[in-house]
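Trainee: Chains as they are written, first to last, in our numbering: chain E, 1206 to 1444; chain F, 1206 to 1444.
Hints listed in this document are in silico derivations from the structure and should not be mistaken for laboratory results.
The beta-carbon is built from N, C-alpha and C at its ideal position, and this holds for glycine as well.
Mixed in with the good hints there might be a few duds.
Claimed, not checked - A short list of chain F residues far from chain E (calculated; beta carbon distances all over 10 Å):
1) 1320
2) 1345
3) 1382
4) 1439
Said to hold, decoys possible - In silico DSBU-like links for lysine-lysine, alpha-carbon gap of 35 Å or less:
5) E:1232 - F:1371
6) F:1347 - E:1347
7) E:1382 - F:1375
8) F:1415 - F:1370
9) F:1268 - F:1382
10) E:1347 - F:1268
11) F:1232 - F:1268
12) F:1268 - E:1253
13) E:1302 - F:1382
There are 2 protein chains.
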Amino acid sequence: MAKLYVIGIGPGRRENMTLRAINALIKSEVIVGYTPYIEYLEELVEGKEIISTGMKGEIERCKLAIESVREGKNTSIVSTGDAGLYGMAGPILELAKDIEVEIVPGVTAAFSAAGELGSPIMHDFCSISLSDLLTPWSLIEKRIENAAAADFVITIYNPRSKGRKKHIEKAVEIMLKYKSPSTPVGIVKNSGRDGQEQIITTLGNIDYKKIDMLCVLIIGNSMTYIENDHMITPRGYDL
Amino acid sequence: MAKLYVIGIGPGRRENMTLRAINALIKSEVIVGYTPYIEYLEELVEGKEIISTGMKGEIERCKLAIESVREGKNTSIVSTGDAGLYGMAGPILELAKDIEVEIVPGVTAAFSAAGELGSPIMHDFCSISLSDLLTPWSLIEKRIENAAAADFVITIYNPRSKGRKKHIEKAVEIMLKYKSPSTPVGIVKNSGRDGQEQIITTLGNIDYKKIDMLCVLIIGNSMTYIENDHMITPRGYDL
């Protein structure tokens, strides 16, 4: 019976894919994804039927992938990072009740970014997306507030787009009610793929113009420090 | 110059390792890790110098790995999951200021567990470890409280050990102040490796005897539901 693989391909570069993700692509006749993500896969998709659509075509892609499995073809639908966090695993399982689905986990953008910055996460953390397309902004604000008040490390996805220029500034304003302006902040653009850039700065000193949709931010907890160009959150061991 | 690779090998099974992790192991003369983690690597460590120590030997292992690099040998120190979350990246960067270090990200246990359960995370989430060996219990309680109050999905690491039998019960009690007893909960033991077991239950109905240190828990948000033996947190799309 044909199967749908919902694959997290990691940040983009082949080396960050798992063997399981590569094997699932090899087993698939049809590959479905957002056009740039398909390009990351390079020769892994050669000779296969490709179904790619543009931005905001998420649900259309899910439906096309499910249709392809119903036609009897092993199919992969790809997300960057991990498909189970802000990815395609949810909509697929909501829509596909009659076919076999396998979720293939991957390296999410925040963990890839963390590895470039040093060890900024290490301890309890919260992941928050600033996109209010699908979530009320009031709930996002509440989550930022609660995460900052309990001294979590905070990873921010979708920090700033053309239509949401001020969200990140509002988020920082809320965090500054609880976190010191000297709290280290890492900003990584295109983490784990071509064009990677990174900045280590502090919460009181962010240059918002450097932030766009291709960035992930990691805001430290009260123990996080900067040393040797690394952002380090201690685990708490007595060294 | 010799280099230290701090590798997240994922949950354990080879297929969940990234190509980058495998390549780093191949490039290393010396492999350092907790004994069971070394066993997961099988023939990838054949012919290499192995330094393995028992539980709670984390800092000893870090020091031995750093020493090995100072002696001029390319060395890998391995964590399960991602080395940057409750792993070895932090202590290594705190201790090793004079050597080259590369952090190699991996698939963390919660994401592996999520893939087995369906799409329980999907949206904003908090990761909390219930181990109070290195963190005051009062801070852990505050984090649980704030995470539950802002309707985050919550992933729980180190939920229950012989010395900490009641922590998970206290954590659930706090969550029940904000989350309904019908909130779906996924419990995955040995996620992504041999001996995997999983249970989908609800917050009001957890059988604590089934939980030990080898488990990861995922507690849903107010939108999470159970269908077709899957735990599904909607992303919010209008399907």
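Trainee: Could you check the structure against the hints above and give me the numbers of any it violates, in ascending order?
Mentor: Violated: hints 1, 2, 4, 5, 9, 10, 12.
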